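Chain V is fixed; fit chain A onto it per the hints.
Residue numbers (the numbering used here), protein chains in the order written: chain V, 2 to 253; chain A, 2 to 253.
Rather than coming from a laboratory, the hints here were simulated on the basis of the structure.
Since the model is a prediction, treat every value here as computed from it, not as a measurement.
Among these hints, one or two may not hold up.
Reference excerpt, derived from the structure (chain V facing chain A, CB under 8 Å, subset only) [unchecked claim]: (1) 61; (2) 63; (3) 200; (4) 242; (5) 252.
Which residues of chain A face chain V? A few of them, derived with a C-beta cut under 7 Å, are [as the list claims (entries may be wrong)]: (6) 194; (7) 197; (8) 251.
Ideal placement from N, C-alpha and C gives every residue a C-beta, glycine not left out.
Chain by chain, the residues run as shown.
2 protein chains.
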Amino acid sequence: MPTQPQPARPRYQQIADELRHAIETGKFLPGAKIPGENQIMSQYEVARNTARQALAVLRDQGLTEARKGSGIYVRAFRPIRRNAVSRLSQQQWGSGKSIWAADIDDRPLTTVDVEVVEVDAPEHIAAAMKLPNRARVWRRSRTFVVEGEPVNRAVSYLPSDLVAGSRITEVDTGPGGTYARLAELGHKPIRFREEIRVRMPMPAEVEALQLPPATPVILVARTAIDESGRVVEVNEMAMNSSRYILEYDFTS
Amino acid sequence: MPTQPQPARPRYQQIADELRHAIETGKFLPGAKIPGENQIMSQYEVARNTARQALAVLRDQGLTEARKGSGIYVRAFRPIRRNAVSRLSQQQWGSGKSIWAADIDDRPLTTVDVEVVEVDAPEHIAAAMKLPNRARVWRRSRTFVVEGEPVNRAVSYLPSDLVAGSRITEVDTGPGGTYARLAELGHKPIRFREEIRVRMPMPAEVEALQLPPATPVILVARTAIDESGRVVEVNEMAMNSSRYILEYDFTS
Numbered sequence: 002m003p004t005q006p007q008p009a010r011p012r013y014q015q016i017a018d019e020l021r022h023a024i025e026t027g028k029f030l031p032g033a034k035i036p037g038e039n040q041i042m043s044q045y046e047v048a049r050n051t052a053r054q055a056l057a058v059l060r061d062q063g064l065t066e067a068r069k070g071s072g073i074y075v076r077a078f079r080p081i082r083r084n085a086v087s088r089l090s091q092q093q094w095g096s097g098k099s100i101w102a103a104d105i106d107d108r109p110l111t112t113v114d115v116e117v118v119e120v121d122a123p124e125h126i127a128a129a130m131k132l133p134n135r136a137r138v139w140r141r142s143r144t145f146v147v148e149g150e151p152v153n154r155a156v157s158y159l160p161s162d163l164v165a166g167s168r169i170t171e172v173d174t175g176p177g178g179t180y181a182r183l184a185e186l187g188h189k190p191i192r193f194r195e196e197i198r199v200r201m202p203m204p205a206e207v208e209a210l211q212l213p214p215a216t217p218v219i220l221v222a223r224t225a226i227d228e229s230g231r232v233v234e235v236n237e238m239a240m241n242s243s244r245y246i247l248e249y250d251f252t253s
Numbered sequence: 002m003p004t005q006p007q008p009a010r011p012r013y014q015q016i017a018d019e020l021r022h023a024i025e026t027g028k029f030l031p032g033a034k035i036p037g038e039n040q041i042m043s044q045y046e047v048a049r050n051t052a053r054q055a056l057a058v059l060r061d062q063g064l065t066e067a068r069k070g071s072g073i074y075v076r077a078f079r080p081i082r083r084n085a086v087s088r089l090s091q092q093q094w095g096s097g098k099s100i101w102a103a104d105i106d107d108r109p110l111t112t113v114d115v116e117v118v119e120v121d122a123p124e125h126i127a128a129a130m131k132l133p134n135r136a137r138v139w140r141r142s143r144t145f146v147v148e149g150e151p152v153n154r155a156v157s158y159l160p161s162d163l164v165a166g167s168r169i170t171e172v173d174t175g176p177g178g179t180y181a182r183l184a185e186l187g188h189k190p191i192r193f194r195e196e197i198r199v200r201m202p203m204p205a206e207v208e209a210l211q212l213p214p215a216t217p218v219i220l221v222a223r224t225a226i227d228e229s230g231r232v233v234e235v236n237e238m239a240m241n242s243s244r245y246i247l248e249y250d251f252t253s
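Extracted from the complex, chain V is given alone in its bound form (with noise of 0.2 Å):
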């Protein structure tokens, strides 16, 4: 980036800048309608092609979203801080508290499209649990909704050897979830990995999660450790990237 005087700013840069300031400033509240292309081009008299740009910045940027033959609104849903230490530590769910309400404080969350299934391991789960070929496992699938909006789609894996029998395989898992039905079976979670990955969605994800163009999906894979070094669950999500900050800490 140029260290000496920059060049001027685009004229749909401008536009943006103002009207991003307009949002943060509060001069649009969350909801508000914002004005769409014609109404643009007549106060900044610029062209049809100058307003759009200027618009899709807002978009991008996560701060509007497009209502189908209804205009262009500022974003109204404060984003999920998802914070993975505290969420999924043992004083959370060790006392029968769910993990979700860690991050969405006494925001509705209800959840669909459940299905809880025994299947062949998937090639990758069974090598990531070291599973022999064809293994066993309890897939279970939720979509969580928050708000009334889908903003998280959940797959996890656990082995059939360790789980079958237990709540594990219903749909309602009981005080504390899989975690602590994990630990009252003797392999108790102790250490987690998360992969992140980032891409444009695939149709299916657009279709489960209701994204709007131009938002990609953030793909957490977590793996659950326990004592013995086993690798207990992976949990494959796939999260609407506007809704979520994601937050590790650790230490040096």
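Below, chain A without anything else, positioned relative to chain V:
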């Protein structure tokens, strides 16, 4: 998602599946040219739009990239596995190593567009550091280039009252980098927080990282905290999401 028999996958998905399989099994090696629209149309007897959609799936999965006027190629870049905990451990920078050495093995790393300058702290940086308004900070900006590709644009801020006169204000901070120098100054970072946001890139990010279309950026904002609880650095990074896998290890 349905639990019962799935509807047939759309034709473009089937074609994308086949091409992905060919890439994953090495029929098309990294850097190889894959069939274009015309070839897919004749080989699979489909319309142009179907061929285009199939290619878009591969692109959105980060498997391929278009080169202007030449065709579509399998991406050759091996993703950077960035393990936050091990790269930022005292064993790394405390022994004079570069943090980056932990990420990229022996791949060539260069740093470009380096700027080290004292500025008034931007508002959000002053707030994060609990500094008064218009406090002075040193800003270190640089773009990291791995195997000839710009992958990460990082801008660090450090309070002037801590770092004035030290090598942190020079382009070359010396063995172990900024954190080793902070330790010598009596402000060793002992805790870190990384906050992750994801969105489509701004034009300046497209330029700095030479981003191809449909490539989101990962924004990582890291806070480094010393023994007294003081924030001694904020580092704001923008990464090419197709080049990175982020890893976080933690205990329950």
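Here is what the structure says about each hint:
1. 61: It holds, given that the least Cβ distance between residue 61 of chain V and chain A is near 4 Å, below 8 Å.
2. 63: With Cβ-Cβ at 5 Å, under 8 Å, it holds.
3. 200: holds, 5 Å
4. 242: Residue 242 of chain V check passes; min Cβ-Cβ to chain A is 4 Å, inside 8 Å.
5. 252: holds, 5 Å
6. 194: holds, 5 Å
7. 197: Hint holds; residue 197 of chain A Cβ to chain V Cβ min 4 Å, cut 7 Å.
8. 251: holds, 5 Å
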